[in-house]
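Asks: The chain contents come next:
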Amino acid sequence: MSEEKQEKKMTAKELSKKLTIEYLESARHARENGKFIGYTTAVSPVELFVAHDIIPIYPENHSVAAITKRLTTKLSQAMEKEGYTTHLCAYARSDLGYRITGESAMGGIPDPDFILACNAQCFTLTKWFEVLSRKYNIPVFVFDTPQWIRDEETRKRIIKYCVMQLKEQIKAQEEVTGKKFDYDRLAEVMEYSRDASHLYRQFLDLAAYKPSPISIFDALIHMAITVYLRGTPQAVHYYRYLIDEIMEEKVKKGKGAIENERFRLYWENLPVWFKFRNHFNLLAQYGGNILTSLYVHAWSYDFDTSKDPLLTLAENYVSVFSNVTLEERADMALDLFKRYDLNGSIMFLNRSCKAVSFSVHELRDMLTEKTGIPALVFESDMGDPRFYAEAQVKNRIQAYFETLEAREEAKELA
Amino acid sequence: MKREILSKLIEISRNPYPYLKEWKKEKGKKILGSTLADVPEEIIYASGAHPFLILGTTKPLRLATTRLPDNACSLSRSNLELVLTYEGELFDGYVLPQVCDTTQHLCDIWKRKFSDRYFENFLVPRQVNRPSAGYWYIQESERLIWSLERYLGIKIKEDALWEAIDIYNENRRLLRSLYDIKRKHPGMLTNREFFDIVKSGFFMDKKEHNMLLKELIDSIDIEKDKKEDDYVPIVVAGIVVEPNEIFDFMDNGKINVVSDDLCTGSRYIEVETKKEGTPIEAIADAYLKKGPFSPIHDEGNKMFYNLKNRVEKYGAKGIIYVHIKYCESQDYDFPDLRRNLKAQGIKVLEVETEYQTTHMGQTKTRIQAFVEALSEEARNE
Ligand code: SF4
Ligand code: SF4
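For the record, the sequence lines run as chains A and B. Sequential numbering of the first sequence, starting at 44, is according to the numbering used here. Sequential numbering of the second sequence, starting at 3, is according to the numbering used here.
It is worth saying that the hints were derived from the structure and are not from the lab. Wrong hints could be hidden among the right ones.
Partner residues aside, some chain B positions facing chain A, computed with beta carbon under 10 Å [stated by the list, open to error]: (1) Tyr19; (2) Lys23; (3) Gly30; (4) Val126; (5) Glu301; (6) Pro337.
Even for Gly, the Cβ is constructed at its ideal location relative to N, Cα and C.
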């Protein structure tokens, strides 16, 4: 059988698995093949790595795997013994625990030659990577992205600062790899990145259909490829494949991700990774489906390849939702409410992630004021079951749906 | 030593608000609040407005808890509380730096809460080892200048900036010489007194602060004022020491703080702005040469070496690390720091603090026990 035929039988999920295995294999054999390992943050100009034979490794992804396998509590305890606290991000806790115990849900990840921390996403990662930098005795390169405040003149300056830093990053990479940076290769990588990001966004936008053929849980599963294979032809191929599959299996048949969709929900923050299925099923009972969040949209970049690649990289990474002002973030969320016609909102105050959570009260006020849609705020941890109160969350969700039901009924009566 | 000057400075450090209200009435100046750290105060000073460093409140939290989650650091919560509930009236506006996730959010929340006042954020470079950092600090300083000019309807002249730099340099020089005196004669000026004096300078008019400092220092007669005693030399590490009763516990335990790396201590007063290039370049250059500050990325072990050098230089017997509750930045630093210092045979006591704490007893006991253990060791040597 030809390879193409074999692949046709594969589901997108299986293809994702295959790509992941290949990617991890290539990382494990990087050094034999004259390549390097670069640790980086999920939101970072990784295109510079890909164009420079540096295979990106995302400790965050590795930690997600630990969380979903429920290793985090144990890993965290190992780290707590060394004096770290339980209030750190569960990703960092899982990772620091892994560095101590070696326990991993994916057979471990290779050690770094280069460490990059882009603080558009959060500041935690810089501090966490500083710990790794001391452990492996290599510096952290911080790509510092000042808050993307709404002022045109300042924005121009921010971009200039960021481009300057990208040049510094390239120089630092050249020192580590001993190879001259190849801008032609970067141009190629940028095209793949542009296409994959557009397709990824198209995939997320399938949520606009009624009923929505996808839920946020699909988005969370399928975002992995754009996170770690951005800048490669595989990622482009993958999202085409995925979209085709959903069009065939769902959209054309008029099938939704859940049956009897009644509530189309917005989710604020990262997911509670270890409660994934549970939340999906729980909400489905009420006809509720979470369609989207700003978090999954963090990777729907819009690279303009007619520009200097460093410029479009800077523009895209600095303006990610976690680095904009609260007003702009509310506008970005409102845009999703509008485009996907949402009628409910669950806002997770994630004790792991200060970067995304700290203005949640303010954001809730702003969103409910503008949409009139009530929002549920609940506090928990995305990765550590010790901080998850099952019964409480269930009760609150139930009560929230009662509110939504009453609201819908009132609307129908009116 | 003129005790009345000392008392005045201490009083202002403990409750600056009555003094400032009076002062504001008299001078008719705008008061602009900022939070830690690295906003170029000299620029605000040169604009004719009065820079005031907000250092939290130990009064109960009322409103901040509805705006910031419980796991926001104690400093940010009490800063927000101070302006929401207690002393907001005093301020005409704010210039807030963004140094970590917490401060980034705080800026957004703060700005919304005080939409009727002047507000500017100062986007501090969060890396300091590359040329781009200096570039960015200059850009932000320029932006602050324009912003203040627009708000106040004035022009900030180069002369005014140099004058401000002189005043700040003078201030820091005076504080350094006072630190020297205290270091050598701990019985003469307590830790609490010294750090209260530093703190008062964050609140009051710098020129007046300089005058009082000078008069105080001139009035010191070492032979007459000194009190012989056995003190244990210690280095204090962290960001701030609050509530500052912690210094009382050190005083009671006969500790002499001989050095520190605090934002409200050496990291501030050791700075000397060189009068080279333009004033903004000079300020940026001084910024880049400041000591390490937990949330600003620097070479991985800089904080450790900095502390180790201080211990060696001043013959300290140990380090008291003051950890602000839920300061994530410190949470990440401390375990490695402790391990590395321990490996050098340097004893470290970690003290966790919260502005709203009502029971300081445990902290007191732990500091006492730490200093006793150190003294015991010294006797056995
Ligand atoms: S979950 Fe939040 S704090 Fe943790 S690494 Fe991601 S963005 Fe940073
Ligand atoms: S650096 Fe620490 S103490 Fe300062 S605002 Fe950030 S979290 Fe709070």
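Asks: Taking the hints in turn, state whether each one holds.
Replies: Here's how the hints hold up against the structure:
no.: 1; hint: Tyr19; verdict: violated, 27 Å
no.: 2; hint: Lys23; verdict: violated, 30 Å
no.: 3; hint: Gly30; verdict: violated, 30 Å
no.: 4; hint: Val126; verdict: holds, 8 Å
no.: 5; hint: Glu301; verdict: holds, 7 Å
no.: 6; hint: Pro337; verdict: holds, 4 Å
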